[in-house]
Structures are given as C-alpha cells and as structure tokens.
Amino acid sequence: MNQMRIGRLLTFGSIVFFVLVLAIGLWLSRDDPKLNGSQINPASEAYDFRLTDQNGFPYQLSDHRGKLVVLFFGYTHCPDVCPMTLAQFRDIKDSLGQESDQVEFVFVTVDPEQDSVNRMKEYVDSFDPKFFGLTGTSPELEPVWKNYGVYLEKHPGENGSVDTVDHSTRTYLIDPRGKLILTYPFGFDTDLMVQDLQYLITSSNS
Amino acid sequence: MSPVVSSITRRLILLALISIAGVLLVSEVSYRLLREDNSRAPGLIQLVIPAGTAKRIAQGEDEPSIPEDMVFVVGDVLSVKNEDAADHQLGPLWIPAGKTASLPMRQVMNYVYSCSFRPSQYLGITVREPVTWTSRIGAVALAAPPTLVFLFVYSLVARPIKPGRRSVRAADRGEAA
Numbered sequence: 000m001n002q003m004r005i006g007r008l009l010t011f012g013s014i015v016f017f018v019l020v021l022a023i024g025l026w027l028s029r030d031d032p033k034l035n036g037s038q039i040n041p042a043s044e045a046y047d048f049r050l051t052d053q054n055g056f057p058y059q060l061s062d063h064r065g066k067l068v069v070l071f072f073g074y075t076h077c078p079d080v081c082p083m084t085l086a087q088f089r090d091i092k093d094s095l096g097q098e099s100d101q102v103e104f105v106f107v108t109v110d111p112e113q114d115s116v117n118r119m120k121e122y123v124d125s126f127d128p129k130f131f132g133l134t135g136t137s138p139e140l141e142p143v144w145k146n147y148g149v150y151l152e153k154h155p156g157e158n159g160s161v162d163t164v165d166h167s168t169r170t171y172l173i174d175p176r177g178k179l180i181l182t183y184p185f186g187f188d189t190d191l192m193v194q195d196l197q198y199l200i201t202s203s204n205s
Numbered sequence: 000m001s002p003v004v005s006s007i008t009r010r011l012i013l014l015a016l017i018s019i020a021g022v023l024l025v026s027e028v029s030y031r032l033l034r035e036d037n038s039r040a041p042g043l044i045q046l047v048i049p050a051g052t053a054k055r056i057a058q059g060e061d062e063p064s065i066p067e068d069m070v071f072v073v074g075d076v077l078s079v080k081n082e083d084a085a086d087h088q089l090g091p092l093w094i095p096a097g098k099t100a101s102l103p104m105r106q107v108m109n110y111v112y113s114c115s116f117r118p119s120q121y122l123g124i125t126v127r128e129p130v131t132w133t134s135r136i137g138a139v140a141l142a143a144p145p146t147l148v149f150l151f152v153y154s155l156v157a158r159p160i161k162p163g164r165r166s167v168r169a170a171d172r173g174e175a176a
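Residue numbers (numbering that gives the first Met the number 0), protein chains in the order written: chain A, 0 to 205; chain E, 0 to 176.
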C-alpha cells in the first residue's frame, strides 16, 4: 500500500518536473531575435561595384550572388583593426568548416595609392588565399566608399614611413540575393557572427 | 524511520527555511540599496532620427537629444529609424537613409563608439546584465544551498545529534507514567 503511494507520488512528481522544464524552456526561447548583428530593415540593395582582386582579375559584386558576402574596408599597412578583422574572418571560416564554401570574405582597400595588386596578394594570402583582396583606382573606389558609408582620413607618413589611414571598422553582410542585411561593429563576438552565417546558410538552402 | 534520520531531516528542513529566509533578506536589502539602471527586464528601445538632422548638424544647430552614455541590459534590442536623407551612425549601428537598423544586445560590454550626432563624435554604450525577479530568485537559489550546508555543519558542532536521545526520553516518560 505504502509502495503504491510512493509510486504514485514519483509518477506525479516526474510529470510536474517535466512540465516545469518544458515551461522554462519555452519561456527562455520566447520571441528571441534570430540574427545577432545589426539588422537593416528593409534590407537594401547592396551597391554593386567592379574592382580588381589580388590575382589581377576583375571582381564584380553582382557576379557573386548565390553566396553570402562578408565585406570589410581597410588597408594593408593597417597596424591593428584590419589584421584583427581578417584574423577573425579566418576563425569564422574555420568554424564554418565545409559551409564556408557558401561564404566569400572580401577586403576592400581604403588606400589605393599604397595597396597595389601585388601588395594585396601578399597581404590577403597571409590570412587565407581564398579571401578576396580588392583594389582599384581612387575614382573606382570613391563611389564604393560613399555608398557603404565608409569614413576615411589619410595621414601622410613622416620620415619615410608609410601613410596611415583612419577608417571606419564596420563589417557588412550581403545575402545571396545581393541585399545588404547586416552590419557588425568592430570587435563583435566571433561565435555570434558564425551563428548568423550558419542561420543564413540554412535559410538560403531550405 | 530511525530517530537519528528523523532528527537530521527535521533539522535540515528547519535550516533550509532559515537559509532561504536569510539569503532572501540579504539579497532584497542589497538590491534595494544598490538599485541601478539595469533593474528592469530587457525590452525594445526605439529611437528616431528626424528628417533634416544632417543638415541641421552641418549648420551647427543642436543635435537630437541623445544621452552621452546609453545604458542597456542584455536582451535589449536597440532599434533606430533614420528618417533623414543621409546615412547615420549611432554607436554600433549604421543606419542608411530611410532605413531602420536594430541590434540585439547579447553580451555585457562597455564601449565608446563613433556617433554622427554628437559634436564630440563619440557615444558611450554600456550593456549590463539585467536584474529582474528571475535573476533575484536565481541568486537566492544559488546562495541558499551553501548557506544551508554552512548552518548545518555549524549546528552539528553547536548542538550535536545524539543517537537514542529521543528514545531515552521516551523511556523516561514511560517509567514516570
């Protein structure tokens, strides 16, 4: 009799426990935004451009529809933000594994005078030869900078040192339809960026 | 149930209640005394950049009233609608003209960002853990068990449980009767 009572109590307790766990799980997953970056609504058409990659081939953004494009503006002599961002891109690519085939990492110069095709190749390849390093002439690049809201201010080098450029440090994410959907401030968490890319890869495949 | 087990159980239950009450008291008193901007649940924070803002700033007029430092809690979503004809940057958000940009605050952080609104061109953003009733209950749930263990060990030293104490007393009562 006593054992029957204990059995009933255990059954009742287990049901209550599972209902509680389920309720807490549902409560925690409520109304959670799916993307971690700064989302642009409505998504705008990413400004199309044609520049030259580190191998001397033309790179037209619209030719790369069907892939996610992670875009960053910087320069090869940058002492801090650019190498840190490209190293982060490399970590993201590693975390994505095979899924990284669906993502292109693109680095566009803000210093066309110093960033030649050869210099860009040397620099980008030191991070990952599959990354794209784009350069061009100032007239080619100026509308690109303007349309992506890139701020830059050049400081001539002193005593023969290289020129430095103060520039914005935002990373842009363009979806496979060519829409600019997300931006990330510098220093944004790598895992959260990976989550966003995985979510977008899964959504675009389904 | 043996008298020793029964004594331990009774003592544990009593001390658990005392621990919960004590921890709850300390937690609530410190919460009331140290209450800050993060004592709220996460939510949606919406800002609007009015049309003509860039023009007014270029003419040296007052910028929209944005505080120099903005304090958020983890889980907040900052949404900024740009009704201006120019792109704007507000901290971590870049808002193209005519668009809305929104950013969920996922992590605790303390940063200074550039801002196209402020004469200084800088804006401080602080994101803290929110202190809500769930986190306060969580704190009690985390602090009560070690307090219980501490009190129980202390009670064993201060007032040891003697096996048979109860049964001896019961026998005494039987003899007296």
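Watch out, some of these pointers could steer you wrong.
To be verified - DEER-style ranges, computed between Cβ atoms:
1. A42(A) with P145(E): 48 to 56 angstroms
2. T133(E) with P78(A): 31 to 39 angstroms
3. Y46(A) with E35(E): 40 to 48 angstroms
4. T133(E) with G55(A): 54 to 62 angstroms
In short, the hints are calculated from the structure, not lab data. Ideal placement from N, C-alpha and C gives every residue a C-beta, glycine not left out.
Is 31 to 39 angstroms right for how far apart the beta carbons of T133(E) and P78(A) are?
Given about 45 angstroms between the Cβ atoms, the range is violated.
Pairwise beta carbon distance, A42(A) to P145(E), judged against the given window 48 to 56 angstroms
Check passed, 50 angstroms falls within 48 to 56 angstroms.
Given a hinted range of 40 to 48 angstroms, is it respected by the beta-carbon distance of Y46(A) and E35(E)?
holds (43 angstroms)
Is 54 to 62 angstroms a correct range for the gap between the Cβ atoms of T133(E) and G55(A)?
Check passed, 58 angstroms falls within 54 to 62 angstroms.
In the structure shown, a violation is registered for the earlier hint numbered 2 alone.
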